[in-house]
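Number of protein chains: 2
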Amino acid sequence: MAEILKGAPVVAALNEEMAREVESLKSIGIVPTLAIVRVGEREDDIAYERGAMKRCEKVGVEVKQVLLPGDCSEDALISTLQDLNNNSKVHGVLLFRPLPKYMDDDRVRNTLSPEKDIDGITDLSLAGVFVGTNTGYAPCTAQACMEILDYYGIDLNGKKAVVVGRSLVVGKPAAMMLIGKNATVTVCHTRTVDMPAVCREGEILIVSAGRPKIMDKSYLAPGQTVIDVGIHVLVDGSMCGDVDFDAAEGIVGAVTPVPGGVGTVTTSVLVKHVVQAAKKVAS
Amino acid sequence: MAEILKGAPVVAALNEEMAREVESLKSIGIVPTLAIVRVGEREDDIAYERGAMKRCEKVGVEVKQVLLPGDCSEDALISTLQDLNNNSKVHGVLLFRPLPKYMDDDRVRNTLSPEKDIDGITDLSLAGVFVGTNTGYAPCTAQACMEILDYYGIDLNGKKAVVVGRSLVVGKPAAMMLIGKNATVTVCHTRTVDMPAVCREGEILIVSAGRPKIMDKSYLAPGQTVIDVGIHVLVDGSMCGDVDFDAAEGIVGAVTPVPGGVGTVTTSVLVKHVVQAAKKVAS
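Chains A and B supply the protein sequences, listed in that same order. Read in order, the letters of the first sequence correspond to residues 2 to 284 in my numbering. Read in order, the letters of the second sequence correspond to residues 2 to 284 in my numbering.
These are calculated hints, taken from the structure and not from any lab test. Incorrect hints may have been included.
Treat identical chains as interchangeable: a pair holds within one or across any two.
[As the list claims (entries may be wrong)] Quick list of in silico lysine-lysine cross-link-like pairs, DSS-like style, CA-CA up to 30 Å:
id, residue 1, residue 2
1, K161, K182
2, K281, K102
3, K55, K65
4, K214, K280
5, K161, K55
6, K161, K218
7, K7, K90
8, K102, K182
9, K90, K214
10, K218, K90
11, K214, K182
12, K218, K182
13, K161, K7
14, K55, K27
15, K55, K7
16, K281, K27
17, K214, K161
18, K65, K90
19, K27, K65
20, K27, K218
21, K214, K27
Could you put together the complete structure from these sequences and hints?
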């Protein structure tokens, strides 16, 4: 049976580290603060926001909620972001996307200062991931995959890693971070021919396919470490990932569960980035 | 015997297209102009500069040489770049690197305006490659590989591509461009285990290993298309690439020669970017 790479201990370790950092920042008068900017009332956003607020509270990070109506103008959103850029009491800004369709996503996201871009949405944050500079922050979900691999001591040096998905939120940044850790990295996507065969070759699999249980036993091989980024709610109300967990459990060496895997660590990475941003201000 | 993917016809096609574009720009009073900034007298730089000037002349692009002494200060170089940013008659700037060791490479390269960064050295140009936006320009060498594949009608959709090397000049941007063309892309590097086996799996190989003839027959397989980015001068004065050309010719489906392959196309891509930059000013 595969080892289950639960998110909880990773979160606990990050919480402990962050609580200590926050305390030390507060002792010099800095209260690490996250602004959450939400346009409209999308349920997914509200759920994520609730989780982020709870996690922030846990370690002493302040949260400032900024809510804009679902039909707000692009300029109103831009000006909100500019105000937050100029607000020295705010260290990180989380902006929920996708934005309403009538907005210019490139213009809006690049309004945010990279130093407050704790979820890696600006071009300069993404360049940081690509180039390996220290500008901005990596997208939290991609980094959560790396935190899990790191926490469980999974060696990446010279290992074959396969990333399923080529998004800017997971696939591409995860590929860059894996290359940075000396893995040999293959990026698969919807146009990949015989994806099961490609995936079976991976010693580490990071799966962000966006389809429930799409990775069945044909994609899996003994000894693999599988990081499942997918989160889906099935009609019966139960949750699952992109990986068929039951199949994986009988085949691979280690696998993250859904729920209780990558998702929960993502929120902690968000908090970590806010604390890092506050530390940079302090230094 | 493998098909030899010579650079010359690619260059000829690009030259023809560029000459036409330049003529049309000149007819509205715009003279596409490249500034070449060179610090010191490194031989490689001088050779590349000579080639670039010749290619520019061929299609009617003006060149402005800016030469700084090998011991010039970082601030002097920065101020030179700022002047070029502000000079509306200059459309593209080529800055030779590596810079002298006492300079802050990140600071210097990011001084350049992305819209004049025709060799993809700024963070915003590189973000453009990573994100897929239209900011700045891709590194010319990486794009030269893609131009060759395109010119010779090599289909990338769903194909397995292997990139050897993870630099910002070739490996990483080439990987991103291949993913953009729907290839399944693997990035190899010095830490890759059993690189020959990984390379043999590729239907397309882009090789930027930086070592003469390192890719011998053990790395190659029938039917492959091999793009060789390496350029080395051997002790007898002859030139070779990273691929053992004689071995490749008997095994693979198609291979670029050295000299006369990627290198020559790179210069044309540089010119193309200058013309594109001038066209953006015109529109």
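Now for the hints, and whether the structure bears them out:
1. Taking CA atoms no more than 30 Å apart as the test, K161 paired with K182 passes in both settings, with 11 Å inside one copy and 23 Å between copies.
2. Taking the closest pair of Cα atoms, K281 and K102 come within 30 Å of each other only across two copies (27 Å); inside a single copy the shortest separation is 35 Å, beyond that limit.
3. In the homo-oligomer, the alpha carbons of K55 and K65 lie at most 30 Å apart inside one protomer (13 Å), although the nearest pairing across protomers, at 59 Å, exceeds that limit.
4. Taking the closest pair of Cα atoms, K214 and K280 never come within 30 Å of each other, the shortest separation being 40 Å inside a single copy and 48 Å across copies.
5. In this assembly of identical chains, the alpha carbons of K161 and K55 never lie at most 30 Å apart, being 37 Å within a copy and 44 Å across copies at closest.
6. For the identical chains of this complex, K161 and K218 are neighbours both inside a copy (19 Å) and across copies (22 Å), given an alpha-carbon limit of 30 Å.
7. Neither within a single protomer nor between protomers do K7 and K90 lie at most 30 Å apart by alpha-carbon distance, with minima of 34 Å and 59 Å respectively.
8. In the homo-oligomer, the alpha carbons of K102 and K182 lie at most 30 Å apart only across protomers (26 Å), although the nearest pairing inside one protomer, at 37 Å, exceeds that limit.
9. Taking identical chains as interchangeable, the C-alpha atoms of K90 and K214 are never at most 30 Å apart, the minima being 43 Å within one chain and 57 Å between chains.
10. Taking the shortest Cα distances, K218 and K90 never come within 30 Å of each other, neither inside one copy (50 Å) nor across copies (61 Å).
11. Proximity of K214 to K182 under the C-alpha cut-off of 30 Å is found in both arrangements, the shortest distances being 28 Å within a copy and 27 Å between copies.
12. Taking the closest pair of Cα atoms, K218 and K182 come within 30 Å of each other both inside a single copy (28 Å) and across two copies (29 Å).
13. In the homo-oligomer, the alpha carbons of K161 and K7 lie at most 30 Å apart inside one protomer (22 Å), although the nearest pairing across protomers, at 33 Å, exceeds that limit.
14. Only within a single protomer do K55 and K27 lie at most 30 Å apart by alpha-carbon distance; the minimum there is 19 Å, versus 62 Å between protomers.
15. In this assembly of identical chains, the alpha carbons of K55 and K7 lie at most 30 Å apart only when taken from the same copy (19 Å versus 61 Å across copies).
16. For the identical chains of this complex, K281 and K27 are intra-copy neighbours only, at 14 Å inside a copy versus 50 Å across copies, given an alpha-carbon limit of 30 Å.
17. Taking the shortest Cα distances, K214 and K161 sit within 30 Å of each other both inside one copy (23 Å) and across copies (25 Å).
18. Within a single copy, K65 and K90 get their C-alpha atoms as close as 10 Å, which meets the 30 Å cut-off; across copies the closest is 47 Å, which misses it.
19. Proximity of K27 and K65 under a CA criterion of 30 Å is satisfied intra-copy only: 17 Å inside one chain copy versus 55 Å between copies.
20. In the homo-oligomer, the alpha carbons of K27 and K218 never lie at most 30 Å apart, since the shortest distance is 50 Å inside one protomer and 62 Å across protomers.
21. Taking identical chains as interchangeable, the C-alpha atoms of K214 and K27 are never at most 30 Å apart, the minima being 44 Å within one chain and 58 Å between chains.
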